[in-house]
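S.K.: Sequence:
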Amino acid sequence: MAGCFASWKQMWTSQEDNMRGKRVRIGERVLLLGESVGEGASAYVRIATEEAPRPSKRKLALKRVLLQSEEQLEDVQLEIEAWETFARAPHVLRLIDWDIRPVKTGTNATTKEALMLFPLYEDGSLQELGGGREPIEAMQAFLQVAKALENLHHHEPPHAHRDVKPANVLVRLSHEGGTKRIDKVVLTDLGSCRPARIYVRSRRDALYLMEDAAQRCTAPYRAPELFDVASHCDVDERIDIWSMGCLLYFMMHGRSPFEPRADELGASVAMAVLSAKVEFPDEKGAGNLAAVGRAAYPREMKDLVRFCVNVDPADRPHIQQVIQRAEQVLESLREEEGT
1 MAGCFASWKQ MWTSQEDNMR GKRVRIGERV LLLGESVGEG ASAYVRIATE EAPRPSKRKL
61 ALKRVLLQSE EQLEDVQLEI EAWETFARAP HVLRLIDWDI RPVKTGTNAT TKEALMLFPL
121 YEDGSLQELG GGREPIEAMQ AFLQVAKALE NLHHHEPPHA HRDVKPANVL VRLSHEGGTK
181 RIDKVVLTDL GSCRPARIYV RSRRDALYLM EDAAQRCTAP YRAPELFDVA SHCDVDERID
241 IWSMGCLLYF MMHGRSPFEP RADELGASVA MAVLSAKVEF PDEKGAGNLA AVGRAAYPRE
301 MKDLVRFCVN VDPADRPHIQ QVIQRAEQVL ESLREEEGT
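Residue numbers (my numbering): 1 to 339.
Don't read these hints as lab results, they were simulated from the structure. Since we're looking at a predicted model, the values are computed, not measured. Idealized CB from N, CA, C, for every residue including glycine. Do not rely on the hints blindly, as some may be mistaken.
Said to hold, decoys possible - Below, simulated SDA-like cross-link-like pairs (lysine to any residue); rule was C-alpha separation at most 25 Å, straight line:
(1) K59 / D99
(2) K184 / A52
(3) K112 / R94
(4) K63 / E122
Claimed, not checked - Okay, the calculated beta carbon distance ranges per label pair:
(5) E335 / Y208: 26 to 34 Å
(6) E81 / Y208: 15 to 23 Å
(7) D183 / L73: 32 to 40 Å
(8) L73 / A214: 18 to 26 Å
Starting from the given sequences, assemble the full structure and let the hints guide the process.
M.R.: The structure is reproduced here in structure tokens:
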């Protein structure tokens, strides 16, 4: 069966290579496909424009996902359900339209593919933008992501994104005065989004959660309770709060706070995360920790990172507390700058 899957993927990939200039239908929409702008293990993203029923020159992003198993089909159905659940949430990317359809990948073989249509953010993600952001700019972006998570966390039942990281935050830049600054951000990739409250009651439950987290949650931004899951514990939406602390650090210094420690100690990212030690380049004892962009940031921003990155999930703040603290930091920065 594995060989069959590999063959299907090879044929589907070959088809994808020739999709530019082709037309694809999603319901009543007819889309003209343009250049490829991204790809993953079993997914491709292309620029698309709508030709019918409402012709437009607005550029969209069409994501095509090859579904080779029932598990992959179930995952994409859950992803689409999440997009639809949070369709009106501010600062969450909007799913415009979607379809799941059979696709021929060989002489007699038929599998399925998912098509998901989104607005296109041509300026890319925070990952591509990198660190060294100005303090006010970073705090404004941080608050927008926090307000996206507020919708997930306050839903009934509460949901967690589970993979908050720079690559999953799309940006729209302003170009005032010849300087590129973040104008708007949106949280994307709800493929990992699930109900947040997980009640682990056995070693089997713990191992399953660790394995699932390893597949869905990027290690340098993953909360410590997902690396070493106890056989009797509760996990909730505050796993995203840990990731938010790492995200703010990235906007300051271009990396997760736990990536340099893994390099410095010769240890795994998991060990660095479990140590929960956050160092800033300008602090005494940081050693040769190199800075990206500006070396020093206001103490309030550093305190906010550490506020989020609390190794004890029971003591970690909830999203409303993070938003309140972030708004206070932003107000203080604006007062200092006189804006």
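S.K.: Could one say that the CB atoms of E81 and Y208 fall in the range 15 to 23 Å?
M.R.: Because 21 Å falls inside the window, the suggested range holds.
S.K.: Going straight from one Cα to the other, do K184 and A52 come out at no more than 25 Å?
M.R.: Judged against 25 Å, a Cα distance of about 29 Å means the pair is violated.
S.K.: Given the range 32 to 40 Å, decide if the beta-carbon distance of D183 to L73 lies inside it.
M.R.: 37 Å, holds
S.K.: If you draw a straight line from the CA of K63 to the CA of E122, is it 25 Å or shorter?
M.R.: 15 Å, holds
S.K.: Against the 25 Å threshold, does the CA-CA distance of K59 and D99 hold or violate the hint?
M.R.: Since the Cα atoms of K59 and D99 sit roughly 19 Å apart, the hinted pair holds (cutoff 25 Å).
S.K.: Given the hint that K112 pairs with R94, test it: the Cα-Cα distance must not exceed 25 Å.
M.R.: 23 Å, holds
S.K.: Between the beta carbons of E335 and Y208, is the distance compatible with 26 to 34 Å?
M.R.: The hinted range 26 to 34 Å is violated for E335 and Y208, with Cβ atoms some 49 Å apart.
S.K.: Per the hint of 18 to 26 Å, is the separation of the Cβ atoms of L73 and A214 within bounds?
M.R.: 22 Å, holds
In summary, the structure is inconsistent with hints 2 and 5 from the numbered list given earlier, while agreeing with the others.
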